[in-house]
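Each chain is listed here by its residues.
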Amino acid sequence: MSTTSPSTASTAATRPGPLLSVRELQVHFPTQDGLVKAVDGLTFDLEAGKTLGIVGESGSGKSVSSMAIMGLHRGTNAQVSGEIELAGVNLLDISADEMRRKRGRDVSMIFQDPLSAMHPYYTVGNQIAEAYRVHHSVSRKIAKQRAVEMLDRVGIPTPEKRVNDYPHQFSGGMRQRAMIAMGLINDPGLLIADEPTTALDVTVQAQILDLLQDLQREFNSAVIIITHDLGVVAEMADDVLVMYAGRAVEHGPCKEILTHPEMPYTWGLLSSVPDLSGDTGARLVPIPGNPPSLLNPPSGCAFHPRCPHRDKVPGDLCRTELPLLVPGERGGHHTKRCHLPNPDAIYATEVLPEIAPDLAVERAKEL
Amino acid sequence: MAFTKKPLAALAATALAATLAACGGGSGDDDNGGGSSSGKAEKGGDAIFFVGPRTVEHWDPQRMYIGRDLNNSGRLFYRSLVALPASNDPVEGTTPVPDLATDTGTTEDAGKTWTFTVRDDVKWEDGQPITCEDFKYGASRNFATDVIIGGPANYLFTYLDIPTGDDDLPAYKGPYSKKGQELYDQAVTCEGQTITYRFKKAWPDFPLSIAQLRYLDPYRADLDKGDANNFEIISNGPYKLDGDWKEGTGGKFVRNENWDESTDPIRKAYPDTWDFREGDTDEAIYEQLLADSGDAQYAVTERRLPPALFSRKDEAGDRYTQVESPYVDYVLPNFNSPVFKDANCREALKLATDRAGWIKAGGGDQYFKATDSVINPSVPGYQPNPAFADIPAAGDPDAAAAALEKCSAPKPVKIKFTYSGGTPTSDNQASALKAAWDKAGFETELDPLEDTYYAVIQKPDADFDVTWGGWGADWASAGTVIPPLFDSRINLTGDSNGNDYGNYKGGPEVDQLIDDAYAEPDLDAAADKWAAVDAKLGEDVAYIPLEITIFNFVHGGKVTGYANNVSVNGYADLAVLGVEK
Amino acid sequence: MLAYVIRRVFAGVIMLIVMSIVTFALFFASPIDQESFICGKNCSAAQKKETAAAMGYDDSFINQWSDFAKGVVAGRDFPDDPKLRETAPQTIVRCEAPCLGYSRERGDTVTNLIKDTFPVSFSLAVAAFVLWMAGGILFGVLAALKKGMLIDRGVVGLSLIGFAFPTFFVGLLLYKFVAIQWGLTEIPRYTSIAEGGIGGWLSGLTLPAITLCLFFMAAYVRMTRSYVIESFQEDYVRTARAKGLPERTVTFKHALRAALTPIVTMAGLDFAGLMGGAIITESVFNYPGMGKLAVLASTDFDLPTTVGLVILLAGFVIAANIVVDLLYAVIDPRVRLG
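Chains as they are written, first to last, in our numbering: chain A, 2 to 368; chain B, 8 to 588; chain C, 70 to 407.
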């Protein structure tokens, strides 16, 4: 029996659009000191089977928005508005129980620290099977069997034995594999991976990312990968969304963003990635200053206090006026939120030579 | 230390560690004293005795030494040769009458040999007749100092005609080891039902000691398990224990079918049962008694109304009674102190002592009554001590200051007052004394001691100048007051002052007076001789009397025939008490 | 695991032996001669000496202690006098191993005294334990779930009040009003199940158990509240929600399970401590338990009873420690014993 509301039913019927469509998402937290606008007007789409990388510093709102998609702000004092449409259903319209039933089945999530994210008192198998049983009325035995299959699938050796181990008996990488097994056991359309490799050894990181990619292909899931690491994005993402102070500041196809970034904040992020291309002459340039207060964000462009290029913008525009998210110089799906008139040229002549001299030379030839 | 008493406040605050032997007498001259409640007692009903937090230590007659337990057991389940009648008359209530014996004892050599004849119609609770041998065996148990510990055995050690060994103890060691048994068999003999006690020296008030203590009670040799019998009760009175005595909880007494009322002139045995309840706090007992609710309506107690609840005594109406205790509190100078070696200094201290201030600080005249002798007025032989009788209760500061002029010690005369402290009340009382002494020209240092009080002041080299003491007679005789406190011959040994804390040495004159008083066969004449010793002690200022403690009691509303009789030291007399059904 | 238990028990026994030595030593250091307490008024120096000899107090402290230790292992006779065994065997009390001594003041073996008082303390401790655990966890969880709301503030406030009032005050208040003035309950009196059945046992326990539990309950409410609040912040609770588990399962299976583990283990220790630690409650309500016995014994300078109780109670605490540690290992798979 269908319980979906008429509006979602109609959109689902009329538009075969993207799997996930986020429109003007706002997540605000009222506090004693005032309203914290953790996410303030975020819009993006994600097709089935594709990967979106959301990049930004801590506090930029990337985790908060993913929690909003999971519906995990329900029951807290967060004010969530806008539209999150998953397979044609607006997740902000449905009841708490309907949202609960989607969680883990239609959209699931894996977390940064798999040790703390797993309950220390229950076996890994128990926790994976629990995720299956909550959405499928099957016996414990079958659920456990399913857990073993999933553990096998994510590359845990002798899964029928390890299924009875406790999380602390797993290594860090194995725990994250188990988390991935837990996240995919119900074959969700959307998987959100929140910094999935940050807490892992460098050698393990790549294995986990490979696994995620393999599984994405196999399950045909859409994946949102949240990271501060552009290296991860470069490897995984189809699209990239750069967030700053609760807003998208640059959004576009991965290759576009990495090769022709048009927002100085993205440049900063690129500068702070070590060894992006194996270039030995590259310099690590950290972004000066600190992330802004979300309680009292800077006027105009939120990045302007840290922006080394704001004097290239005429007048006091950066300080007074919030730039719109508009298509950049190269057009298409590449949008940016910046007043700079000729960002691509500035990047090529001023930024690139600093961070990747080899690339700069190549680019100069292109120009 | 289990010798004497502490000040009222200390009694209330500590676990009453010092109420051994409250033998002596209550008083008949107080308004409420000996108050008996309306309603005539009749047979039947269930009565309760709240024993309180200080639990019974012994039910073994030869080991009992606490006034409460001596009284209660003698009224309910233990009989002896003689007993005191249920009377509040100071003379009648302290004059023994025959109980298990046919008379009150006969002596033909002025108290050196005593003879009693045991009735032949009296039985133990199991139906066995009470025999002369039972009495002989009972008395013999006192000598087993390794088993029968805690009782007043040393009276027999002093008097009974048994030689003393090197250790100052009798050569007879009691019925368990039977060492020296032949010596005892000569001193105490049975001929049929007639028992004869032979003493080294005259003991004129021997029958009174039998009536007020239980050390000469009969005992069953065939049931004696020594120390394991501590809480066994082999009854020959109107009640017997139903089941076991449980220490900390108590026990229930029911009628003893083998007790024949016609053989017993004293015990009325009105209630059908007596429930002895141990362990309640004073507050719990008195909350129930004041509310007169539930079981407590049928209850009496030996616990005193706690000071905190004193303001509510009017709630109890005529269920509240007040009697003078057999205790006297006093202070005493240390004759070894450089200051009080000098009689003039002692004289000044005596004149400066503010009894009224001490009483006021201790709670006032509901708690204490000023007195003028260490002998309690209820004890025969009491006479106002001329050395103290004429001093105002608040002392005479001017006369004291004048007397101090003659004191040889350098002025101001620095003295140290060691007392049993640790409570605000006792400290206030000590301060009241200090104030008056200082006013006369002393400079007093207060030295409060807590638990180890007696252990400290008994030390021969203790460095106090003045200290405090309290005492109650074992039975109604000044012979149980003056020698235990002031006879240097029995008190002062190398490592202890005994109870003669002030190192008082009366010398040949006082020693002779004491010996004469002891030897006097006529009890009235003996009383006069004791009064003479007391007067001499006053002259020497061996002590300075302060006051008599007053007992405050409340009993349940359904108790009948309630009486605080002098024959039971002013406590409730269970012999004549009844309850409504 | 077994090796661990054996090692812990062994260490516990050593600790008990040391404690018994210390207790003996403390009594020897006391300025009070215990024999005076027993000997009575007018006790002469010679009598006192005899008494001390009869009690064994004239012996050296090491000899007294080794007699005690011998009794624990092999049992003892009181008095242990071969001559008396011939002339008056009926006066000798046999105290079977493990013999904790014989109290002259109480005329009974310490083992028997403990047999009499243990059920009382145990009953009281169990009843109070059930009440405070149920109340403490229930209100603690309630306060945590309604954090910051009126009900939370009420519960926390009340528990603060419960914590602040001294036990004897609460006990006397309950005694005075509930039992005496209003007559809502009988005057509390310990009744064993054998005497009064479960009903009589419980009705005698009501007020003392409430008095005793209040203090603990207040502490456990606050402890539970903070543990549960902390637990809800844990990442694994977020994971549980992300799986789509119903909130009930999230709360009870995931959040509370972790929060209650330290509470349960701490409760084990508190329970053991209560066996002899309910002194005030036992005194106020006249419950003849081990706490009260301990007070009586120490005011009378009853050395055998005091030593016996000290060792028994220390044994309880040591045993509880071992049990709690084992329990912890069972509850929390991360804990390894070794």
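Simulated from the structure, these hints should not be mistaken for laboratory data. Please note that a few of the clues may not be correct.
As the list claims (entries may be wrong) - Below, a list of computed lysine to any residue pairs in the SDA-like style, where the Cα atoms sit at most 20 Å apart:
(1) Lys-253/B to Ala-122/C
(2) Lys-259/B to Gly-265/C
(3) Lys-322/C to His-136/A
(4) Lys-118/C to Gly-172/B
(5) Lys-51/A to Asp-153/A
(6) Lys-185/B to Ala-122/C
(7) Lys-253/B to Ile-348/C
(8) Lys-130/B to Ser-242/B
(9) Lys-118/C to Leu-176/B
(10) Lys-186/B to Lys-118/C
(11) Lys-232/B to Asn-181/C
(12) Lys-51/A to Gly-35/A
(13) Lys-259/B to Asp-518/B
(14) Lys-216/C to Leu-95/C
(15) Lys-565/B to Asp-185/C
Unchecked claim - Label pairs and their calculated CB-CB ranges:
(16) Phe-321/C to Asn-78/A: 34 to 44 Å
(17) Ala-94/C to Asp-202/A: 56 to 66 Å
(18) Arg-141/A to Leu-229/C: 55 to 65 Å
(19) Gly-50/A to Glu-299/C: 56 to 66 Å
(20) Leu-396/C to Leu-453/B: 30 to 40 Å
(21) Leu-229/C to Gln-33/A: 22 to 32 Å
(22) Glu-165/C to Leu-230/B: 35 to 45 Å
(23) Asp-128/B to Asp-128/C: 42 to 52 Å
(24) Phe-321/C to Asp-202/A: 53 to 63 Å
(25) Val-98/B to Leu-271/C: 38 to 48 Å
(26) Leu-230/B to Ile-391/C: 38 to 48 Å
(27) Pro-158/A to Ala-72/C: 24 to 34 Å
Each residue gets a CB set at the ideal place from its N, CA and C atoms; glycine is no exception.
Hints, one by one, checked against the model:
no.	hint	in the structure
1	Lys-253/B to Ala-122/C	violated, 28 Å
2	Lys-259/B to Gly-265/C	holds, 17 Å
3	Lys-322/C to His-136/A	holds, 17 Å
4	Lys-118/C to Gly-172/B	holds, 14 Å
5	Lys-51/A to Asp-153/A	violated, 24 Å
6	Lys-185/B to Ala-122/C	holds, 18 Å
7	Lys-253/B to Ile-348/C	holds, 19 Å
8	Lys-130/B to Ser-242/B	holds, 9 Å
9	Lys-118/C to Leu-176/B	holds, 10 Å
10	Lys-186/B to Lys-118/C	holds, 18 Å
11	Lys-232/B to Asn-181/C	holds, 17 Å
12	Lys-51/A to Gly-35/A	violated, 38 Å
13	Lys-259/B to Asp-518/B	violated, 49 Å
14	Lys-216/C to Leu-95/C	violated, 50 Å
15	Lys-565/B to Asp-185/C	violated, 33 Å
16	Phe-321/C to Asn-78/A: 34 to 44 Å	violated, 23 Å
17	Ala-94/C to Asp-202/A: 56 to 66 Å	holds, 58 Å
18	Arg-141/A to Leu-229/C: 55 to 65 Å	violated, 45 Å
19	Gly-50/A to Glu-299/C: 56 to 66 Å	violated, 40 Å
20	Leu-396/C to Leu-453/B: 30 to 40 Å	violated, 55 Å
21	Leu-229/C to Gln-33/A: 22 to 32 Å	holds, 24 Å
22	Glu-165/C to Leu-230/B: 35 to 45 Å	violated, 24 Å
23	Asp-128/B to Asp-128/C: 42 to 52 Å	holds, 50 Å
24	Phe-321/C to Asp-202/A: 53 to 63 Å	violated, 36 Å
25	Val-98/B to Leu-271/C: 38 to 48 Å	violated, 55 Å
26	Leu-230/B to Ile-391/C: 38 to 48 Å	holds, 47 Å
27	Pro-158/A to Ala-72/C: 24 to 34 Å	holds, 31 Å
Figure legend: structure checked against the earlier numbered hints; hints not met, in rising order: 1, 5, 12, 13, 14, 15, 16, 18, 19, 20, 22, 24, 25.
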